[in-house]
Each structure stands twice: as C-alpha cells, then as structure tokens.
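Chains A and B, in that order, are what the protein sequence lines are.
According to my numbering, the first sequence holds residues 1 to 275 in order.
According to my numbering, the second sequence holds residues 276 to 467 in order.
Any given hint could be a false lead.
Mimicking DSSO-like on lysine-lysine, the simulated pairs with C-alpha atoms at most 30 Å apart in a straight line are [as the list claims (entries may be wrong)]:
(1) A/Lys115 to B/Lys289
(2) A/Lys100 to B/Lys308
(3) A/Lys80 to B/Lys421
(4) B/Lys411 to B/Lys339
(5) A/Lys115 to B/Lys308
(6) B/Lys339 to B/Lys436
(7) B/Lys339 to B/Lys375
(8) B/Lys421 to A/Lys149
(9) A/Lys115 to B/Lys339
(10) A/Lys184 to A/Lys149
(11) A/Lys34 to B/Lys375
(12) A/Lys100 to B/Lys411
(13) B/Lys340 to A/Lys99
(14) B/Lys403 to B/Lys340
(15) B/Lys421 to A/Lys99
(16) A/Lys107 to B/Lys308
(17) A/Lys99 to B/Lys375
(18) B/Lys300 to B/Lys411
(19) B/Lys436 to B/Lys421
(20) A/Lys115 to B/Lys318
(21) B/Lys340 to A/Lys80
(22) B/Lys303 to B/Lys421
(23) B/Lys403 to B/Lys421
(24) A/Lys34 to B/Lys339
(25) B/Lys303 to A/Lys100
(26) B/Lys375 to A/Lys180
(27) B/Lys303 to A/Lys115
(28) B/Lys340 to B/Lys300
(29) A/Lys100 to B/Lys291
(30) B/Lys308 to B/Lys375
(31) A/Lys34 to B/Lys340
(32) B/Lys318 to B/Lys340
(33) B/Lys300 to A/Lys80
(34) B/Lys308 to B/Lys421
Covered stretches of chain B, going by a simulated chain A footprint (3 or more residues, C-beta under 8 Å) [as the list claims (entries may be wrong)]:
(35) 299 to 313
(36) 318 to 328
(37) 368 to 374
It is worth saying that the hints were derived from the structure and are not from the lab.
Note that CB positions come from ideal geometry on N, CA and C, so glycine has one too.
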Amino acid sequence: MTSPNAKPERVRLASGRKDLRELIQTCQAVRERKFNPFFLDVALAVETLRKYFPFWDLLDDHCLDAQTINDLAEVLNLQKSQLRYQSSALYTAPEALEKKLRALSVKRLGETFLKSWHPIVEREQLTVGGIREGLRYWDQMLSFEERRKRLRLGRAAPPTPTDLDSLVRSGIMTREDFAKNLRKLWEELRTQTAENGAVKYWSFVRRETYEETVQRAYYVSFLLTYGFAKMARGDTDMTLVGLDTPTGKVAEGSVSYPIAITRSSESQIEQGIGT
Amino acid sequence: MQESGDEKRFYSDKLKHAIHLLLFKRGKMPGAKEWELKASIGKNYKQVISQLDALLSDFDLQVKKVEPEHHQNRHLVEGELESTDDARYFVTLRGTLAPKEARLSGWRIDNLAALTVAIAYIVTKQGKAPREEVEKLLAEKVGRWKTLTLLDAFTRNGYLKEDEAGSLSLGWRTLSEVNLRDLMTLLAETGR
C-alpha cells in the first residue's frame, strides 16, 4: 500500500513535457481554425496540467506550463465566441453551407452576392504632390538618346509600328493562354508518369528548337514550384513525377535550383546550385 | 418646443468639401476618417454628412460609416459593440447592382461567385479559415489555377486578408461593402 503523499513513481517528466507540447499544438490548431474549439476537452487538459505541476522544477518546465495555461485560456475564449456566434443571425451550420456552396451554380452565387453588395464609390486621381514629383523625375531624366549613348549601342533605329505576329515571333506574346499551356504540360507529364513512372527531366523538356526547350523548362518550373510535379535529382540525371493531387502552393522548405540550358551543346549542361 | 424648420442648412462649401474628402482617394484606402472630417468640416460634421447623405440618396448612393476592422471582427463574434472614434466614412451604393450591371464594378460574375464562396466559408468559420480549405472548396467551382489567382486578387483588393499562419479572414473592403447578414440569409434561402 502506498501513502497518499508519496510521489507517483511512474510519473515521468519527459512524458509530461510531451503531453504539454501536444496540448500547445492542439491549441494552436484550434486558433488557426483547423479544429472546432470544442474539439479540445479543457477539463482534461487542466487535469493533465495539475498532474504534472508538482514535479516541475526547472524554469523551462514552468514556462511550458504557463504557455499551456495561456493557450488554454485562448481556446476557452474561442469557445465563448463560438457560442455567441452560433446564437447570432450570421450562423449557418458549416456543413450545410458547404454543401449548398457546392450545389449552387456560379451564376446563382454571383447573383446572390450582388443582392448584398454595396460597392464603395471612389475616385483615383493625380494629386498636386504627385504631379510635382512626376515633373521633377521627368526633368532630371536624361533623354532616351543620352541613355543609349552611355551603353555605347550606337544610334537607335527609328520606332516602327508592330503587330501581333511580330510580337509572337519575338516571344513577347503567345497566342495561347498561359494557364492553358501549363495545364496541357501537366496533363502530358501525368500521362507519361502513369505509363512509365518517373520521367527523365531532359527527355521531357528538350524539344527540337532552343526556344521550345526554354519554354517547356519555364512551364516545368511553375509545375514544380506550385506542387503539381515533383523532381528528384540523382548523380547523373534528374527525374520528374506528375502529381494527380497537387498542393497548389509553394511547399515549405522548398529550394531554388537553377538549371542552365545552353544553346550550343547537344546535351544540355546542367549546373545546380542548391540553396 | 423646437421646430423642425430650425434645422440648419449648411453652406454648400462644407457639403462640397465633405464630398471631395469622401470620394477622392488620397492614401491606400478610399473615404475619410471621422477625425479627418471633424478637423476639415468642423464640429457640425455629422449634420453635414447627414445632409450629404440625403442629397446622395437621389443618385442611389449613401454615406456609410464603417467601424475599424478589429472592432468589426469582434462584432462578428461578440454581437453589438459601442461605436469608436476611429470609424471611416465611405460613399457606397445605397441599393445593389443588377446582374447586367455587374461588369460596371470591374469584376466578372464568376469572380464574384468565387468571392461569395470564400466570404461565406470564412463567416461560417467565425471569420478565419485555413487558406488550403478555402482553396479546395473554390477549386471545385472555378478550377485550381483560377483559384490561386483569384485569392491573390481578393487579398490585394482588400476583400480578404491572409496572416503569417496562412489563415484567411475578411478584409476591410468586405466588412465595408458586403452586408454579411443579408448574404448569409440569401445563401440559406437560395435554391439551385
């Protein structure tokens, strides 16, 4: 039989710290609206705090304890807000509303919004200060010819009108939509991944002309950045995998990896600088 | 007993000055702060504003007083609160736009639909929701590529706000322009 004052031997400080850290993480998730505030059983949390409190000796442990109490207080506050909100006219059950938002057509949603929207009437204009600043900048700026002289490019050709065809030829504009091109390339990569598994980077990116190769490499960089594809780098080559369920956002801890594409060489030289 | 005819009619100069302050954008946000109106128009600024509001009603416009964001966010979850001195006045549309006129606002109807989804979802989450959840819901409506662009556009224009943790909340423009109570009621009532 054990005396009531005896320290429970099984209470381990390490597991206490772990419990408190988990509580803090849950509180944080609740604050970020990842969970309903009532997901956390505050009474149980307080009981956990009480269980370990007599054994804290170090300052760090007391700080951890204080932070947990502070976070629990915030969760309690959110629980209070939730109750108030549920009793207000704005409240709609989230599940029911989500279902409705999915079911309603785009047109219907837009029309509903218009009925409750009172846009602000505003006018943007130049101010006296803005005009003065613009004039000062203009006065101080050298002429185009003067600025060209500094670069020693010789005399500039006179300006001539341009059209869509020449802009497309120069690569300034494309006839196709950027998003459409990106989607096309993503579909292509997914198909190839489904058929052959990981696809070699250069065999996917390389095309007959240098311009096409650069363009595909440019689009692939977007696919990688926004989580629509994954890249793995081996000793000799790099492979791509098209993802069916993209994250759609820049991954945390992602690294920038420049790849040089040379015009002359048969096989593109790759040079990576990990950051 | 005071007669209603005693009501002062303010000099047209004050009315002009008030409308200039309210309509012409000087900083990042349109409209004028309460203290700004008080300093420029004088202590009777509230009467000037109310007279201006009556004049604007003929053009389907109104002068709207909007409490600061932090105050509104509290209002969203805590019910009625007392007014603050830091309020901002805007000129807004008194009525609403017809679907045919929607393009006048500079937004396409499908973009407005996306904004509706984002706002309504955030409201059901008590004014704050993780960005990925909003993205997921929106992507079903308008596609993934457009979702990313639109959420950025809504944030840039002040309709939504994103914090460091990646949570979205309602921006100053939503709180100023959208009648959330009407929106939620209409959504609840609307059929397919």
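Measure nothing beyond the straight line between the CA atoms of A/Lys34 and B/Lys375; if it is 30 Å or shorter, mark the hint as holding.
39 Å, violated
Given the hint that B/Lys300 pairs with A/Lys80, test it: the Cα-Cα distance must not exceed 30 Å.
At roughly 39 Å apart (the allowed maximum being 30 Å), A/Lys80 and B/Lys300 break the hint.
Pairwise hint evaluation, B/Lys291 against A/Lys100, where the allowed Cα distance is 30 Å at most:
46 Å, violated
Compare the distance between the alpha carbons of B/Lys436 and B/Lys421 with 30 Å, and conclude whether the hinted pair is satisfied.
Holds, at roughly 18 Å.
Is the Cα-Cα distance between B/Lys421 and A/Lys99 30 Å or less?
The hint holds at about 21 Å.
Restraint status (C-alpha distance of B/Lys303 to A/Lys100 at most 30 Å):
36 Å, violated
Count the residues of the stretch 368 to 374 of chain B with a beta-carbon closer than 8 Å to any beta-carbon of chain A: does the count reach three?
holds (count 7)
30 Å Cα cutoff - pair A/Lys34, B/Lys340
It is violated: about 33 Å lies between the C-alpha atoms, which goes past 30 Å.
Pairwise hint evaluation, B/Lys411 against A/Lys100, where the allowed Cα distance is 30 Å at most
Between A/Lys100 and B/Lys411 the Cα gap is close to 15 Å, so the pair holds against 30 Å.
Within a Cα-Cα threshold of 30 Å, do B/Lys318 and B/Lys340 meet the stated pairing?
17 Å, holds
Measure nothing beyond the straight line between the CA atoms of A/Lys115 and B/Lys308; if it is 30 Å or shorter, mark the hint as holding.
27 Å, holds
For the pair supplied as a hint, B/Lys308 and B/Lys375, confirm whether the alpha-carbon distance does not exceed 30 Å.
33 Å, violated
The structure fails hints 1, 2, 3, 4, 8, 10, 11, 13, 16, 18, 20, 24, 25, 29, 30, 31, 33, 34 and 36 (numbered hints given earlier, in ascending order).
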